[in-house]
Each structure stands twice: as structure tokens, then as C-alpha cells.
Amino acid sequence: MSTKNLKVKYEPWLSAETMHNNSRKWLSELKFTKDEELFFADLVKSYTLQLIDSKHFTESKKIIDKLSDLQKETETLIKTIKHHEKELKVMVDGINEIEKENAYKDEHTKISTVVNNFLGKYKTLKIQLFSLIKDILKEGKQKRLLQ
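So for the sequence shown, our numbering puts the first residue at 1130; every next one is plus one.
Simulated from the structure, these hints should not be mistaken for lab results.
Hints may contain errors.
As the list claims (entries may be wrong) - Below are the DSS-like pairs computed for lysine-lysine, each with C-alpha atoms no more than 27 Å apart in a straight line: (1) Lys1211 with Lys1195; (2) Lys1160 with Lys1211; (3) Lys1218 with Lys1234; (4) Lys1208 with Lys1184.
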């Protein structure tokens, strides 16, 4: 008896409701991220003089550039997910269009990966920014105590 090696691609079964809920969750997280980005922009403006200090300049420039890139990426992801959400009708229209449905599920999986990667990068940036601001505040406090 001979055996054949079959390559099986694992795809989780996702209902239309599950995909809709995922999309709504992503949008919620990204809209909150967008609000946080506005807060970070104000924070950067508040500490501009300290951030451009020669001691912190290179690190702060990198963080601010990343923040700017992530703001653009947030907008793009929000638009992508809104469009994806509108296309959900292919899953619930009652018409058997296997190719379109599979394409939609593939796109959903790709978006899931992109959003998760984005949120990971965003969390890392938040940690870096807060760490930098914390160091600046400590230095300011030390300077006041020495005077």
C-alpha cells in the first residue's frame, strides 16, 4: 500500500458574523489609535524644546518619523477595513459564489495579519515615546532640584 503526501492548507472556518465582528473590532481599535496619535502629536508639541535638545534629538526624530508614518498607515487601514466591510455582502447574499467568497476570506485573513502587525508596531512606538518623555521629565525635575 502506498501513501501520498497531501499538502493541506489550514483555513479556519469563519462565519460572516465572525468576520463582521472582527472588522468592527479592528475599526474600533484603529479609531482609538487615531485619537491616541492626536494626543501624541500634542505631547510632542508640548515638549518640542526638550526633544530637539542635542541629547535626545536623534532618538526623538526617529520616534516622530515613525509616528508620522503610523498616522498615515492608520488612515489607510481604516479605509481598507471600511471597504472590506462593505464587501461582506458577498458572504450573505445567498448566492453561491465560491471563488468570490474564498477571495473575501483570504483578504480577511491578510487584513487580520496586517492589523495585528500594525498594532504591535504601534505598541512598541508608544513604549518608546513614553520612555523618552519620562526621561525628559526626570531631567527637568533634576535640573529644578539642583537650582
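To see whether the hints hold, each was checked on the structure:
For the proposed pair lysine 1211 and lysine 1195, the alpha carbon gap of about 24 Å is at most 27 Å, so the pair holds. Straight-line distance between C-alpha atoms of lysine 1160 and lysine 1211 comes to about 12 Å, which keeps the hinted pair within the 27 Å bound. Among the hinted pairs, lysine 1218 with lysine 1234 is consistent with the structure: their alpha-carbon atoms are about 12 Å apart, no more than 27 Å. Using a Cα cut-off of 27 Å, the hinted pair lysine 1208 and lysine 1184 is violated, with the two alpha carbons roughly 38 Å apart.
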